[in-house]
Structures are given as C-alpha cells and as structure tokens.
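Peer 1: Sequences and hints are given; from them, build the entire structure.
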Amino acid sequence: MHSANIFTGRSFRRWTAALVMSGASCLGLSAPAPAQESTDPIKLTLHDWTGQLITTEIMGEVLKKAGYSIEYVQADYLAQFAGLETGDLHVAMEMWETTGREAMDAATATGKVENFGPTGMKAKEEWWYPSYMTEKCPGLPNWEALKEEACAEAFSTAETAPKGRYLGGPVTWGGFDDERVEALDLPFEVIHAGTDAALFAELESAYQRQAPIMLWIYAPHWAPAKYEGQWVEFPEYSAECYNDPAAGINPDAAYDCGKPFGEIWKVGWAGVKDKWPGAYDAIKAFTIDNDEMGKMITEVDLNGKTVSAVVADWMGANEARWSGWIKK
-15 MHSANIFTGR SFRRWTAALV MSGASCLGLS APAPAQESTD PIKLTLHDWT
35 GQLITTEIMG EVLKKAGYSI EYVQADYLAQ FAGLETGDLH VAMEMWETTG
85 REAMDAATAT GKVENFGPTG MKAKEEWWYP SYMTEKCPGL PNWEALKEEA
135 CAEAFSTAET APKGRYLGGP VTWGGFDDER VEALDLPFEV IHAGTDAALF
185 AELESAYQRQ APIMLWIYAP HWAPAKYEGQ WVEFPEYSAE CYNDPAAGIN
235 PDAAYDCGKP FGEIWKVGWA GVKDKWPGAY DAIKAFTIDN DEMGKMITEV
285 DLNGKTVSAV VADWMGANEA RWSGWIKK
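Position 295 (the sequence shown) corresponds to 279 in the working numbering; numbering is contiguous.
Bear in mind the hints are in silico, worked out from the structure with no lab data behind them.
Treat the hints loosely; a few may be bogus.
Mimicking DSS-like on lysine-lysine, the simulated pairs with C-alpha atoms at most 30 angstroms apart in a straight line are [what the hints assert, rightly or not]: (1) Lys210 / Lys147; (2) Lys108 / Lys120; (3) Lys257 / Lys106; (4) Lys96 / Lys279; (5) Lys210 / Lys49; (6) Lys49 / Lys96; (7) Lys147 / Lys120; (8) Lys279 / Lys210; (9) Lys259 / Lys49; (10) Lys96 / Lys106; (11) Lys289 / Lys49; (12) Lys210 / Lys259.
The model shown is predicted, which means the values in this text are computed figures rather than measured ones.
Peer 2: Listed below in structure tokens is the structure:
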C-alpha cells in the first residue's frame, strides 16, 4: 500500500473526531521543547477501539508536558507500518501480539521500525459466546463442538443458516478467522463488523434478547466483565501453525489453531530515538495494566465520558508516575 493511503483508516466514534482535531493543533505546550531535539511534531497513530485511543492520548499528553509538539493521525492498524517505515508516522501505542505480530516482525526486520517494548497490558482475543448458549451447544468451550450440525445451527441466523454465524472484527484487524474456519472445516460463516462500536452493539442487543451470538471479544475490555460467557478453546497457537500447513491438525492448511495470547507492544519509526531522544525514553518507559485500562474503557463506553476527560483524570491521579517517564 502506498504511504498516502495509510491515513484512510476506519471510522471513529463522535468523540474521536474531536480528539483528532485537537491533536492536529497540539502546539500549546506547557514546557519548551527539550534542547537539541527536533521541534517537529511527533505523530502518534489512532485506530478505532477505545483502549487504543486512551493509550495514545495518555502518551501524547505526557509528551506535551515534556514540551513536545504532538499530532494524532488516523491510521489503519496493519497498513500503518508503511508510514512507520518511511517516518511519515512515528509511534503506534498498541500492536497486539494476538493479531499484529507478523506485521510487526516484518516491519522491524527492515530496520526502519523499532519495537519500543511492552505496554504492560496482556492481550487476549478469541471467539466468545454467552453462557446461555452452552445449553444449546453443550460440548463448548471445546472447539470441536462447533463442527456438530446442531451446534452450528444453534448459532445460525437467517442469513447464514444452516451454517453458524461468527461475527468477527473489522477486516482491517486481521486475525485470520476466515482462514481458521476453512482450515478447521467449521460449518460457520464469518461476518465482519464494520466498526468496534458495531461489534459490541450487536453483542449488547443479542445478550438482552438471549439471542444466539458467537463473536470476537478481546481483553482488556469491559465486555468479558459485564457479560457472562466463555472463549472457545481452539488448538493452541504456535508460529508454525500460522506459517507451515504441516504443523497443525490439518496437514493441508495453515491457521488451524487459535489466536496467540501475549503482550500489547509499542512500536514506531526507528528514527525516533535520534530525532527525539527524550520522547523515545518516555515512550519506552510508558506502562499501564489491564485493570487500569479496563476501568477507563468502561468510563468511556458504558458511562459516557469522553476519552479526553478520562485521560485528564488519569493524568491528575498519576502525576508522580508519568513525571518519572519524562525526567531528564
């Protein structure tokens, strides 16, 4: 993809537009730019899920406190690496082990992109179903239950019957669910939600009606805490499973296993450390955990606060902590 296309990302919620507008003009700084560092704006990428917007704005606000100029730029989750490699984009605060490892490894192998280390959060994302569906598919959470005709039909809708319906994330999230269904010969049709908001709106609606639903759920997020349910247990992930058809239970297809679990990484343009060394140190020092993030996502998605308000609350409550990230 040409780097010019990197800025045509996915749609945002109403409050994201305000975030982008404010970020693009973040030139009112509370401190002078660090001596002998570039005064050019540091461009942090924004995606389309609440937690990533929070993580990114926290980092941006901390860097502004240190005197840096910041821009927030909408960018595709996986396609953003074209911009990170050229230096048109500078920092991506959430690259999930579960979906982004291959793209991240390919980018860092060029030497133009650097892994800035873990965020402190642990990623889990997989097929998930509400507990009320266990009665209709008692073999769950074992993935092999999904191969049974009655189970697939229990998760079907008018548009997919007799196949079950799996609601995946937006296509740009990756995840290889279409490949997984084919490799494991599951009688399911993959339907991709248009946005993060649409994904969870459909879960809310189905849960209230006790309607059948199987969908992509990720953590840290409020949904696994709010709703009673379980993740499907697929064959354990391995790098070989994704890359070598012979490695998994289907000798003719890759992706015949579940998604990986693990870190949520910070990545960016390799030139950051030379152009903005103080910012580089602060980005590497940034850390937050699942519990903190889960509470902040809940405040935005369920309690109606804006991302900026939640970030401001966090900044006020954690000044001693983030001040340590930007100390010279």
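Peer 1: Taking the hints in turn, state whether each one holds.
Peer 2: Tested hints:
{"no.": "1", "hint": "Lys210 / Lys147", "in the structure": "28 angstroms, holds"}
{"no.": "2", "hint": "Lys108 / Lys120", "in the structure": "25 angstroms, holds"}
{"no.": "3", "hint": "Lys257 / Lys106", "in the structure": "25 angstroms, holds"}
{"no.": "4", "hint": "Lys96 / Lys279", "in the structure": "35 angstroms, violated"}
{"no.": "5", "hint": "Lys210 / Lys49", "in the structure": "35 angstroms, violated"}
{"no.": "6", "hint": "Lys49 / Lys96", "in the structure": "27 angstroms, holds"}
{"no.": "7", "hint": "Lys147 / Lys120", "in the structure": "15 angstroms, holds"}
{"no.": "8", "hint": "Lys279 / Lys210", "in the structure": "12 angstroms, holds"}
{"no.": "9", "hint": "Lys259 / Lys49", "in the structure": "18 angstroms, holds"}
{"no.": "10", "hint": "Lys96 / Lys106", "in the structure": "26 angstroms, holds"}
{"no.": "11", "hint": "Lys289 / Lys49", "in the structure": "23 angstroms, holds"}
{"no.": "12", "hint": "Lys210 / Lys259", "in the structure": "44 angstroms, violated"}
When held up to the earlier numbered hints, the structure conflicts with 4, 5 and 12 and fits the remainder.
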